[in-house]
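These protein sequence lines map, in sequence, to chains A and B.
Here our numbering is used: the first residue of the first sequence is 526, the next is one more, and so on.
Here our numbering is used: the first residue of the second sequence is 91, the next is one more, and so on.
Since the hints were derived computationally from the structure, they do not count as laboratory data.
All the pointers check out, no bait thrown in.
Distance condition first, Cα-Cα at most 25 angstroms in a straight line; then the derived PhoX-like pairs of lysine-lysine: (1) A/Lys589 / A/Lys545; (2) B/Lys198 / A/Lys566; (3) B/Lys142 / B/Lys195; (4) B/Lys195 / A/Lys566; (5) B/Lys93 / A/Lys566.
Part of the chain A face toward chain B, derived, beta carbon under 8 angstroms: (6) Ser568; (7) Ile618; (8) Glu627; (9) Phe630; (10) Pro632; (11) Gly633.
All values reported here derive from a predicted model rather than from experimental measurement.
No residue lacks a Cβ here, since even glycine has one placed at the ideal position from N, Cα and C.
Chain by chain, the residues:
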Amino acid sequence: GAVVSQHPSWVICKSGTSVKIECRSLDFQATTMFWYRQFPKQSLMLMATSNEGSKATYEQGVEKDKFLINHASLTLSTLTVTSAHPEDSSFYICSATTFGYEQYFGPGTRLTVT
Amino acid sequence: LAKTTQPISMDSYEGQEVNITCSHNNIATNDYITWYQQFPSQGPRFIIQGYKTKVTNEVASLFIPADRKSSTLSLPRVSLSDTAVYYCLVGDVSGAGSYQLTFGKGTKLSVIP
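One chain only, chain A, in its complex shape (with noise of 0.2 angstroms):
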């Protein structure tokens, strides 16, 4: 089946400083990832939508500056939290998709800003 990693797992970053999150598509092509935000006992809020070559699309509310994606190939995308602050602490989750109907999920990553 369609497999979606991510790295890093879980991650601890001071206030101020940036963190880089992969997202990769291993075993197909993924012409559009998603990523996803997730609080503790709340359902995924959508962030952005990226496809590959193009700038992303942030849903309302999400600050592009702040949530910077790069989708530079076909397999992986990239979202760089920067200037965290301890509000930015979460669970991001990436999904992808090659217009099937269905999104595949990667497993995750906790980020921890102290």
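Since the structure of chain A is already known, use the hints to place chain B on it.
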């Protein structure tokens, strides 16, 4: 955006059939209905997807009425390992639409021995 509404929680005994209903009154023509299972600190896992009528796979069935304003996930003979949060997602990832993906708040299913 097609807003979805699910029960917050459900309890069931092992071996029983569980039905979880999701309401999505303003579902769009291009939207599909997908159900996911999520365990703590893991990404969602695909369960089943449908557009209309009934869909069945090896783990679940999905019932969608003709007006598509709701859907029901049916899990036959649940076991303790089915304890998880179940999400209803309505949206279009085909590329034909604008990827308006809205997760419901999820239903926490607790299976009791």
